[in-house]
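Student: Sequence:
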Amino acid sequence: MIRAAALLAFALQAADFDVLITNARVVDGAGNPWYKADIGVTGGRIQSVGNLKGKTAGTTIDAANRVVTPGFIDVHTHVEGAVELNPMGANYLLDGVTTIVTGNCGGSRVNLREWFERLEKIKLGLNLATLIGHNSVRSEVMGRANRLATDEEIVRMQALVDQAMRDGAVGFSTGLIYIPGTYSDTREVVALAKAASRHNAVYASHMRDEGAKVKEAIDEAVTVGEQANLRVQISHFKIDTPRLWGMSKETIALVEQHRARGIDVVVDQYPYDHSSTNLGITLPSWALADGQKAIDERLANSATRARIAAEMRKRLEDAGRKDYSYATVANYGTNPAYNGKNISEINQLEGREAGVDNEIETIFAMIVKGGAQMVYHSMGMEDVERILRYPNTAIASDGGIREFGSGMPHPRSYGTNARVLAEFVRKRGTLTLEDAVRRMTSLPARTFRFTDRGLIREGFVADLLVFDPANVRDLATYPDPHHYSEGFDYVLVNGVPVVAGGKLQAARPGRILRHKAE
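Just so we're aligned: the sequence shown equals residues 191 to 708 in the working numbering.
Don't read these hints as lab results, they were simulated from the structure. Note that CB positions come from ideal geometry on N, CA and C, so glycine has one too. There may be inaccurate statements among the hints.
Stated by the list, open to error - List of simulated lysine-lysine pairs, DSS-like, C-alpha gap at most 25 Å: (1) K226 - K439; (2) K313 - K559; (3) K617 - K559; (4) K311 - K706; (5) K226 - K245; (6) K384 - K706; (7) K313 - K617; (8) K531 - K512; (9) K405 - K439; (10) K403 - K512; (11) K384 - K405; (12) K403 - K311.
What the hints assert, rightly or not - Ranges between beta-carbon positions, derived for each pair: (13) I453 - D480: 41 to 47 Å; (14) N491 - E304: 27 to 33 Å; (15) K617 - N491: 51 to 57 Å; (16) E406 - V558: 49 to 55 Å; (17) K245 - K706: 29 to 35 Å; (18) G436 - Q482: 37 to 43 Å; (19) E572 - G244: 48 to 54 Å.
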């Protein structure tokens, strides 16, 4: 027994690499045409790329002419609270994602040092980085107050942002459509962004508007980056108002105008025409201030309730919508039987007659009972495809780590990257394979300064995928979302196979990617 163990140890020591991938078509992440090569991995990093015939390894993977790419980097996720319960992140790994960035839309953990230590103890299946969120910081200092911050409050918020950056945040995020961030002005956002700027970070913004005032919102996001000297990532770039579908021509042109001025601004996008967020966004933002008790009191006041309803009706009319059938429940804790049903359907199940006024009453009743997570048919496919063709668009899910079978979440949490490859590369030809991979790897890596990931290069971290582009497909749909993607045969995280033969493995080699504060 001892002799056998000694021989095994000797064999491992004598191997040239820990992992050797042979007979690969390498799509390197830079947008270059694929080329034939072998890849040798040692100590979690790519040691050699080329003709490695005759070399040995502890683990050899015959790519058999399949594609090998860098692992995908999803720069827009929301995993707080879920990653602690499901640290493997299976829905992402089986969709080819090896690194996620959370803390988006202004929502993050505030004490990052404590959170990182907890995650490192439970061990992750994939790599994780986070932004520090404006809404979370503002809540810490001001609660949900509907007012501008005082100078003293701004200083306190700046200190929290600065500490988060020192603890390893990769940047600063806002969700200016959500409370309490929506109550801030540009001056406040710039001041907090400057606290992040001292550390060479990125500013990621869910803008203040994605419909009628989207151009003003783009200008504000760029103003924050310009005045704070930060790179700008505009989150889930879209046109969310039916009456304005087609306007992406103008918004892309506006981004390009700012880039021509020398501002480093890029965007990200999920490849679907449905969005997902909470039910509360159907109400005017002022009605959501100061917490649930205050919301309940407003809805109990007949005059205030009527004012809220009037604004909701006008918003529907301005958007070009006739009712709330575009809004489908993803997760309603009070009554899970409503999951997967739209507001118009729920309204009738509640015994109310059809019509917008009664649908608004149904929404009010759900808000009082704690609200719900929703899926909204918000975008037109023409805009989705045009934005996808824009060279400075990264692919990002805006999803989260999911408990398999729970609720009716947006399918983007399961199938974003596979959908790009199956629908927009293979079926529609919107993108080439090489450019699609670039948008999932080196483009997000350069924006978030993951300087040793996102490319297949010697010395880079061995986050790698092996797959046949003809076989990759997304199976998650709106009515049936709980399906993992198929076709990613091997997924390596930090040089360790976490998916092999298309099957999830037990290893959890993920790391916290801390920004090195300056």
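Student: All hints, please: hold or fail.
Tutor: Okay, the hints, checked on the actual structure:
With a CA separation close to 38 Å, the supplied pair K226 and K439 exceeds the 25 Å bound. For the suggested pair K313 and K559, the alpha carbons sit about 36 Å apart, so the restraint of at most 25 Å is broken. Of the pairs offered as hints, the one joining K617 and K559 is violated, with about 43 Å between alpha carbons and a cut-off of 25 Å exceeded. A threshold of 25 Å between alpha carbons decides the hint, and for K311 with K706 the separation of about 21 Å falls inside it, so the pair holds.
A distance of roughly 16 Å separates the Cα atoms of K226 and K245; the hinted pair therefore holds under the 25 Å criterion. Pair hint K384 plus K706 holds up; C-alpha atoms about 17 Å apart against a cutoff of 25 Å. Our distance criterion of 25 Å between C-alpha atoms is broken by K313 and K617, whose separation comes to about 38 Å. Restraint check: the Cα-Cα separation between K531 and K512 comes to about 17 Å, which is no more than 25 Å; the hinted pair holds.
With a CA separation close to 12 Å, the supplied pair K405 and K439 stays within the 25 Å bound. Of the supplied pair hints, the one linking K403 and K512 holds, its CA atoms being roughly 21 Å apart against a limit of 25 Å. Annotation: proposed proximity of K384 to K405 holds, straight-line Cα distance about 23 Å (limit 25 Å). With a C-alpha separation of about 45 Å, the suggested pair K403 and K311 falls outside the 25 Å cut-off, and the hint is violated.
In this structure, I453 and D480 break the distance hint of 41 to 47 Å, their C-beta atoms being roughly 36 Å apart. Between N491 and E304 the beta carbon distance is about 40 Å. The supplied range of 27 to 33 Å is therefore violated. Restraint check, K617 to N491: a C-beta distance of roughly 52 Å satisfies the suggested window 51 to 57 Å. Between E406 and V558 the CB atoms are about 33 Å apart, so this pair departs from the stated range of 49 to 55 Å.
Range check, K245 to K706: Cβ separation about 34 Å, and the 29 to 35 Å hint holds. Taking the beta carbon of each, G436 and Q482 are about 39 Å apart, inside 37 to 43 Å as hinted. Between E572 and G244 the CB atoms are about 53 Å apart, so this pair conforms to the stated range of 48 to 54 Å.
Violated hints, listed in ascending order, are 1, 2, 3, 7, 12, 13, 14 and 16; each of the other numbered hints is respected by the structure.
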